[in-house]
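Student: Sequence:
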Amino acid sequence: MTYPPETAIRARNGVQEAFDAFCFEPATFPRMLRLNIVSRCHPWEFIVKSHDDSAGVTVGDVLRILFMYLSVGLNDIDL
Numbered sequence: 001m002t003y004p005p006e007t008a009i010r011a012r013n014g015v016q017e018a019f020d021a022f023c024f025e026p027a028t029f030p031r032m033l034r035l036n037i038v039s040r041c042h043p044w045e046f047i048v049k050s051h052d053d054s055a056g057v058t059v060g061d062v063l064r065i066l067f068m069y070l071s072v073g074l075n076d077i078d079l
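Residue numbers for the sequence shown follow my numbering, beginning at 1 and rising by one.
Keep in mind that the hints are not guaranteed to be accurate.
What follows is a list of derived Cβ distance ranges for each label pair [unchecked claim]:
id, residue 1, residue 2, range
1, Pro43, Ala21, 31 to 37 Å
2, Ala18, Leu66, 16 to 22 Å
3, Asp53, Gly14, 32 to 38 Å
4, Pro43, Gly14, 36 to 42 Å
Because the hints were derived from the structure by calculation, they are not lab data.
Where is the CB? At the ideal position from N, CA and C, for every residue including glycine.
Can you build the whole structure from these sequences, using the hints too?
Tutor: Okay, structure coming up:
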């Protein structure tokens, strides 16, 4: 991810929404306190934990964690 999550824009039904409009929406249904994201594209597992137990993992939580993981440099041992 090149840009921080706060710059994300969601477009649906021809309407663009700023990050603040959707960042607190649940990322899963039913709501979960922890979400593990696994992909064949990379060897790492992304672990997303809810910042608020009553809300569960939100779209904002997912975008922030992905940005954090993907914006750090890799060491030779990581490759």
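Student: At the C-beta level, are Pro43 and Ala21 separated by a distance inside 31 to 37 Å?
Tutor: holds (34 Å)
Student: Range first: 16 to 22 Å. Now tell me if the beta carbons of Ala18 and Leu66 are that far apart.
Tutor: Given about 18 Å between the Cβ atoms, the range holds.
Student: Given a hinted range of 36 to 42 Å, is it respected by the beta-carbon distance of Pro43 and Gly14?
Tutor: Since Pro43 and Gly14 have Cβ atoms about 38 Å apart, the given range 36 to 42 Å holds.
Student: Range hint 32 to 38 Å: satisfied by the CB atoms of Asp53 and Gly14?
Tutor: Given about 36 Å between the Cβ atoms, the range holds.
In summary, this structure violates none of the numbered hints.
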